[in-house]
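Colleague: Read off the chains here:
There are 2 protein chains.
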Amino acid sequence: MKTFALIAVCAAVIGLVVALILAMRIKNSDQGTDRMKEISGFIREGAFAFLKREYKIMAIVIIVLALLIGIGLQSVTTAILYVFGAVLSVLAGFFGMNVATWGNVRTAAAAKESGMNKALQIAFHSGAVMGLAVSGLGLFGLGIVACCLDLATVVQCVTGFGFGASSMALFGRVGGGIYTKAADVGADLVGKVEAGIPEDDPRNPAVIADNVGDNVGDVAGMGSDLYESYCGSIISAITLAAVASAASGGLFDEATAAFFPLIMAAVGIISSIIGIMMVRGKEGSNPANALNMGTYIASGVVVIVSIILSKAMLGSFAFAVAIIAGLVVGVAIGKITEIYTSGDYKSVKKIAEQSQTGAATTIISGLGVGMMSTVWPIICIAVGIFAAYFATETVGTGMGMYGIALAAVGMLSTTGMTVAVDAYGPVSDNAGGIAEMAELPHEVREITDKLDAVGNTTAAIGKGFAIGSAALTALALFASYSAVTGLSAISLLNPIVIIGLFIGAMLPFMFSAFTMNSVGRAANQMIEEVRRQFRSDEGILAGTVKPDYAHCVDISTQAALKEMIVPGLMAIIAPLAVGIILGPEALGGMLAGALAAGVLMALMMANAGGAWDNAKKFVEEGHYGGKGSETHKATVVGDTVGDPFKDTSGPSINILIKLMTIVSVVFAPLFVAIGGLIG
Amino acid sequence: MKTFALIAVCAAVIGLVVALILAMRIKNSDQGTDRMKEISGFIREGAFAFLKREYKIMAIVIIVLALLIGIGLQSVTTAILYVFGAVLSVLAGFFGMNVATWGNVRTAAAAKESGMNKALQIAFHSGAVMGLAVSGLGLFGLGIVACCLDLATVVQCVTGFGFGASSMALFGRVGGGIYTKAADVGADLVGKVEAGIPEDDPRNPAVIADNVGDNVGDVAGMGSDLYESYCGSIISAITLAAVASAASGGLFDEATAAFFPLIMAAVGIISSIIGIMMVRGKEGSNPANALNMGTYIASGVVVIVSIILSKAMLGSFAFAVAIIAGLVVGVAIGKITEIYTSGDYKSVKKIAEQSQTGAATTIISGLGVGMMSTVWPIICIAVGIFAAYFATETVGTGMGMYGIALAAVGMLSTTGMTVAVDAYGPVSDNAGGIAEMAELPHEVREITDKLDAVGNTTAAIGKGFAIGSAALTALALFASYSAVTGLSAISLLNPIVIIGLFIGAMLPFMFSAFTMNSVGRAANQMIEEVRRQFRSDEGILAGTVKPDYAHCVDISTQAALKEMIVPGLMAIIAPLAVGIILGPEALGGMLAGALAAGVLMALMMANAGGAWDNAKKFVEEGHYGGKGSETHKATVVGDTVGDPFKDTSGPSINILIKLMTIVSVVFAPLFVAIGGLIG
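Each protein sequence line maps, in turn, to chains Y and X.
Here the first sequence is numbered in numbering that gives the first Met the number 0, starting from 0 and rising by one per residue.
Here the second sequence is numbered in numbering that gives the first Met the number 0, starting from 0 and rising by one per residue.
One chain only, chain Y, in its complex shape (with noise of 0.2 Å):
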């Protein structure tokens, strides 16, 4: 049985190979000029000194929890395996950023002396670097502790590795995204509104911060977000591999359940690779069709083996239905995500026409499309748990639970692919800043804005992805807490599960507000700099006077530092708190509360803010007034108020709901044992 896990191992090596190969010839191509060189050195630079201090604290989170893991539970077992899960998410987010910010300033480059095709595949291939190393190191590690550990020992430990990778996650997705929309908002705010100068332009002080948050949010942030998803999918089906094999009526054993989603992971792995492969840019056409069609191949091959595996290692094709569900259904919530927020739809036209009578009305709409946007995304999640559910069930009763985890399994396994498209977006971006900063030529920005364009599309599917596969590996994770905590109902009717219900739905609304407030405060931090800076020397603004990049980059840094701890502490108290003083079925309430709010939110959270973004483009194509217009004014308004919904409250509330219920499955033997305080 070993041999499978060898096979996975085998398969993430080959990932990581791919993805080195990658990043050695990215790294090899044309940096373009000194003034190029330099600035990608400036943006580097602070990526790398947040990392390096957002790291410095993580490593304490470690220590500490580790130490709590192993005297909690006294299982040192697990406590080693989440110290592993946490040094490989940030391995993960470390190697993928790195090439990022080599990617970026050779895309502008390649477009500079190449043209769109090149530049293309560079910045789609520093995505595919991340999203390969997201993949590769999580199948790796698991792998490795299939490899390493007999069965009982994995099932029991293997949650450890889980909860490395969800504390990671919270940390660099919150951290990222406060840094990121901090800048975000302070450059634009200030530069754009105030001063009236162009995006990106080098006078603005704050433009270094904002380029380098693009790198350690959208980049980082969102790679150890999937890499989170992609580990607890296959880490919730291990666990209920028991509870599969036993509902089988020996039609397979537990090791075969254990290790098909490891198969699976492989698999995928190896369709993202074929994917990769297949995107190139035609010269004049859509990149976002070259991209399309690289995750339709990865998708394709993931179906039809699925297919062939699911009969030939769990003797039913009843599996390979619960893995297309999930597939079909990540692929759809992208698209529907597109629908509700590119500026190619009547959603994002309506929020331009509404914009006429003012920001009042852009806010209501946008926050309108946003909730509207939940309701499809809703009924896909509820088709595809009901496909994946009843179609294992048939095989055995007690078997749709472990469907459920297979369909997760299913979505995130094309990661690779997914990863690479999501990550495309945040190295164009820079590298349009680049080219703007160094001031190149007009048409290298074209190029560089058209493949911006299509980033911004990638960029909001890839959330809704992000989502919905948060919602469906939260969900799988859910299962495995009833399987560990060995609950077998966990009743509505029940008054303290209603009260875990309740305070779980609160909870993404108190951590958005967290979320929201802390972008609020060290925007306004930045915009007070900025506006310093303005104001001290005039030079500035005339461009005779270099400003001072570092200290808004410092501002950004501290400020997303130190906002980061409250809700990420509060995301590994809540679910301790509940589970000790209300026992464990008000937690199993808590946990679906705050899954299903949160999911709500997150989506309409992401949504709105992407159709605001795009509503304000709209305008600034030439409708109703075009740029500078008081239509474009209250878009811009829109924009803004989306930032923060979009790359910071929205999508955190995904490692939210990830983290309280790994944080619950770890800590389920505690709980049980205690069995609340009151409760």
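Think of the hints as simulated: they come from the structure by calculation, not from any bench.
Accuracy of the hints is not assured; some may be wrong.
In this list, chains with the same sequence are indistinguishable; a pair is considered to hold if it fits within one copy or across any two.
Stated by the list, open to error - PhoX-like mimics (lysine-lysine), calculated; alpha carbons at most 25 Å apart, straight line: (1) 1 / 36; (2) 191 / 632; (3) 632 / 349; (4) 117 / 310; (5) 561 / 348.
No experiment lies behind these values; they were computed from the predicted model shown.
Based on the hints, put chain X in the right spot on chain Y.
Modeller: Positioned in the frame of chain Y, the structure of chain X alone reads:
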């Protein structure tokens, strides 16, 4: 046992007689100048034109739903009770609004002739009529039902009465909410912002529609909301009486358990009358003190009597604990709401401060306050549920759910007083409008402004109370649902329940999107009409030509009636569809999801809206540049976004969750019989 029902009917009649006396006194007060009479005539005319057309649509709804109940459930009694509950709801709205439109002009006249004290009294007594009509007619109806039918029939069919109350409430709240905000937003954006004329200026064509809106939305709509909660809480306790008496081990019989909530409601009416009588303004003192005093006295009486009756009727003090828990939670939520929405506290000041950097930061910080404001109310509700459940559960296992229903009854027992305080606000607001339009001396407006300012706070508190009571009532009805369906558990480990949970959590978002978009569309129509009138005749703005008020009233009326249909149907169809297709367990999940997410959304929206409103007022008082400054403009954007939040979407969610639950209770036998087409 019928004695208890007779006592309830008598108390209800006393309440109605007092209401009648107050109404006659108000009617006989001075109406002021001819101009005032003319203006108030316009408002009355507009309000009744709306009600008349609304009632026509409701008549169709009543007939259709009565038939549906009669045929679908084959119960003529339930259908008849449905009609009875609906007709009484309509009567309460009609009676209350009638007096409110008498009271507004007389409040202005009293302010002009006799000063603050007399004005406060008339405004408050107008509200008191609404309050006593709501509780009096509610208890009268339920008392009559209890008198005329045998207990088994009452328990089986009384939910029909609640359904009647709920279905009317939905259309009243949604229709009224859309009406008032379409007029308000339209009047503000064109009048105040574009034309620069003051609020309530007679030159504004939408000004009458705006004042009509206060009556149909904030008086009639709010009244029907609390009428529904009031009836729902009592009904829920009645349906759980059999369970409670079985659990009591012979301590009391079913009839006593069923009649106890009626008796407590009777106590509440008498207490409210006492409280109302105690409200007397002192010249020079803050009217808020007088109102608070009345509320505390009414609550105090209920507390004392509940302790006595709990022991005397049910043989244990535990039931008083439940009732008092409900009362305390209601008062606490009101206080918390005040802290987050009043300009005296730091949240609102923070929004005003943040508004200095523009409308975007106004919106971000307001949403942050709204989200944060959910935390303590949820904790209060959780503690209240906990106390009510576990106190009564000690009497006998299985008693707890009855305890939760009693908590709801306790919270709502002083509805007469609560509605009086709440409805006093819009009456004062209208009085100010009439003073402005009739060009009364400045001192008059100062008095009405003072009353109105207090009214804004009481309105915000009232909203918090309405949400809290909706949460408890819906939860109590959810317990009834489980009793009627006979489900022993609705387990979150059953994926069909999770699917229900997701769908349920999504519904408040979808519903809010509908209602916000409705307001947006209707407001746009209004904006265009006001602009058209200003353009078509320059005499309007010059003040020499009277604008066409009627046309604006007509636009609001038509828009409200048209736009209330879809969300209204949605609330009825969603539980029917889920119950029939996915079965009763999935429906249980859906109700819980809608309850949790709905309460959170309602709190967030109501409080964000209230906070924005008062942040604007805070700036208008001269802070951060005062009226006309850029900061002020930013707060106006916040206030405009807050309008549909706090007066349309937020409050409508209350009804959504109650209505969906009662639909489920009424049609539960049908769902059980079908058992889910695919679930």
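Colleague: Could you place residue 117 and residue 310 in one of the four classes (within, between, both, neither) given a Cα distance threshold of 25 Å?
Modeller: neither (42 Å within a copy, 84 Å between copies)
Colleague: Indicate which option fits the pair residue 632, residue 349 if close means a Cα-Cα distance not exceeding 25 Å: within, between, both or neither.
Modeller: Both ways: residue 632 and residue 349 sit 16 Å apart in one copy and 24 Å across, limit 25 Å.
Colleague: At 25 Å max between alpha carbons, let me know whether residue 1 reaches residue 36 within a copy, between copies, both or neither.
Modeller: neither (48 Å within a copy, 90 Å between copies)
Colleague: First find the shortest C-alpha distance between residue 561 and residue 348 inside one copy, then the shortest across copies, and answer within, between, both or neither for a cut-off of 25 Å.
Modeller: Answer is between: at 24 Å across copies they meet the 25 Å cutoff, but 38 Å inside does not.
Colleague: What label fits residue 191 with residue 632 when the C-alpha limit is 25 Å: within, between, both, or neither?
Modeller: Classified as both; 11 Å inside a copy, 20 Å across copies.
Hint compliance for this structure: hints 1 and 4 are broken, all remaining hints hold.
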